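Trainee: We have chain W already, so just place chain R on it with the hints.
2 protein chains.
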Amino acid sequence: MIRSVLVLGTGLIGTSIALALREHGVRVLLSDVDEESMWLARNLGAGEPWRSGERVDLAVLGVPPQVVGEVLAGLQKEDAARVYTDVASVKAMPVAQARAHGCDMTSFVPGHPMAGRERSGPAAARRDLFLGRPWAICPTSQTAPEALDLVRHLAALCGGKIMELGADEHDAAVALVSHVPHITAAAVAARLAEAPEGALGLAGQGVRDVTRIAGGDPGLWTGILAGNTRPVADVLDALCADLAEAARALRAGETVTDLLRRGVRGRSRIPGKHGGPAKPYTVVQVVIEDIPGELARLFQAAGEARVNIEDVVLEHSPGLPVGVAELSVRPEEAAVLAEALRAHGWHVPK
Amino acid sequence: MIRSVLVLGTGLIGTSIALALREHGVRVLLSDVDEESMWLARNLGAGEPWRSGERVDLAVLGVPPQVVGEVLAGLQKEDAARVYTDVASVKAMPVAQARAHGCDMTSFVPGHPMAGRERSGPAAARRDLFLGRPWAICPTSQTAPEALDLVRHLAALCGGKIMELGADEHDAAVALVSHVPHITAAAVAARLAEAPEGALGLAGQGVRDVTRIAGGDPGLWTGILAGNTRPVADVLDALCADLAEAARALRAGETVTDLLRRGVRGRSRIPGKHGGPAKPYTVVQVVIEDIPGELARLFQAAGEARVNIEDVVLEHSPGLPVGVAELSVRPEEAAVLAEALRAHGWHVPK
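If you read the protein sequences in the order shown, they are chains W and R.
For the first sequence, the positions run 398 to 747 when our numbering is used.
For the second sequence, the positions run 398 to 747 when our numbering is used.
Chain W on its own, in the form it takes in the complex (with noise of 0.2 Å):
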């Protein structure tokens, strides 16, 4: 059971969950260096600040990975909790500084909940935050069974999907999952800093997409790509290496489809919506008018026809008021919406 808890640190994450605690009606302790943060998270009904010697169940580290270590000694010393994690995005660095300052490691459960979010702070968070998100909890061997139970309790009262796996295994996974993607599309978008004027206008929507995450807090990146080195560096060199080959066999006027193929068994590893398997939908293709209420009407008949939309993407179009909406449907609902959206007069291309 989970009566009480102290969350240090205020930022996105800890105020997200202390909002999610408060749902469930549990007691949360705010603590936080920066004022106007904690004015913000107490103001939005986090909780209330936490004075020395109050003793909780559970304190959550929403702190930088680089600092854990040391808070969490601090912590321990005036006996503050029961059981203690942290939410830093890597894992294996905050447990050897937990170790190099003489940490107990038997009430200390490293945790990760994945936000997806760019944005930073108390006022970005929201009590759904972790609704159906990977929440990865990576216990060392040395972790006590029932601080584990603690921690994975305060998972799922916030609403996240428990990952177990080791710290290693995790920094590699992150690596693989969102930090190299996130410095390969700054390096694409880095080459579009140097690019004349008229190849911007050649863009289309595929290097929107590939770019878009480049346009990330580059601080914020900066702390999280030095806590996690290694296994950044490691994937990179791999990637690198299949970049060069690819350059090379360009050059020597040989083919690169083996990249290619490896490229869409890859993409086709990554999860679905809903967590299962990529489940094939079909897209249906509508061109409306850029005016307010064209999608509200759009939506209407999509809905009047039973029609579940799975996904919606707006296709840009440069220069003109008209632009595309891609609908994405499951494959034997995609004739009756375009049958349906024809009745109501919009241009559905066979």
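Just so you know, the hints here were simulated from the structure itself, not pulled from any lab data.
Owing to the predicted nature of the structure, the values given are computational and were not obtained by experimental measurement.
Note that CB positions come from ideal geometry on N, CA and C, so glycine has one too.
There could be a bad hint or two in this list.
Stated by the list, open to error - Just some of the chain W residues that point at chain R, by a computed CB distance under 7 Å:
no. : residue
1   : R588
2   : L647
3   : I667
Stated by the list, open to error - Pairwise CB distance ranges (calculated):
no. : chain 1 : residue 1 : chain 2 : residue 2 : range
4   : R       : D634      : W       : Q463      : 32 to 38 Å
5   : W       : D655      : R       : E561      : 33 to 39 Å
6   : W       : E729      : R       : G650      : 53 to 59 Å
7   : R       : T654      : W       : A649      : 32 to 38 Å
Unchecked claim - Stretches of chain W that chain R covers, calculated by requiring three or more beta carbons in the stretch to come under 8 Å of a beta carbon on chain R:
no. : stretch
8   : 566-580
9   : 598-609
Mentor: Chain R alone, transformed into the frame defined by chain W:
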């Protein structure tokens, strides 16, 4: 004036051009060695079969870049048209091959309409495929002004946004904004092909976006890349240098902030919706249930509040029947929309 056009090659691009021209009353004649493709294009209403000997105003070569020169030489030999253009995705190679085949260069205007679709074949054709999209025209020093005017007129009839630039300039540009992003997305995705199953469970929206285009047809892309080897290899070299330096810096305990900052700068140069500079939109998030009609009601409410939604992204919530819709609106309309949605009972996180 364009009264008659021969479309040679009834693939996605050729058939879409034919459909667009028919809208304007142009007589369109079709030719393709693939009988099924011809049959489909005719049944889509793209035009009638071309009989060798019938002369047209303009011939559009919808054939792979490797054979543009050879096909052009054959057509010119039988005086099939006054003016010729092609639609290949690279431009230096077809120009060089046209010269090598001794073609008349005054009547040839190399072109590249950017369609921005991953699908291919006449079944995916749309008469509005080029609406507002870039249509590159790459005249050589020998191109006759009347020939250039006719191809400009073709692009205008199809609704394309004409961009004139040299063939080498064009190929360097598409290497930057299309070919290298594609091969890089494939390389990032290829890393996932070998990843342990658990790692994929930590995948979020970022890696989904970066690798989306890696799902494209390897055969098609092998051909595209083979036609632009040097420009692609040059950009890949520069990209590899940045990524290798990042790996070195991380191992040495140095930061990669500079690369991340250049990425932000490059990303900001990609033109926004409607061709203008990227506009700052505000994102309003709303929690929605995964049921038919839910998005309809949401857009209905937005339309009633007279707020135009500029873009919409559905965030997937693996494992749960709820999702978050991110609605991009003009900053001054965000509060209006949020209030309207709350008034209808939606949960809009502050």
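Trainee: Give me the numbers of the hints this structure contradicts, sorted from smallest to largest.
Mentor: Those not satisfied: there are none.
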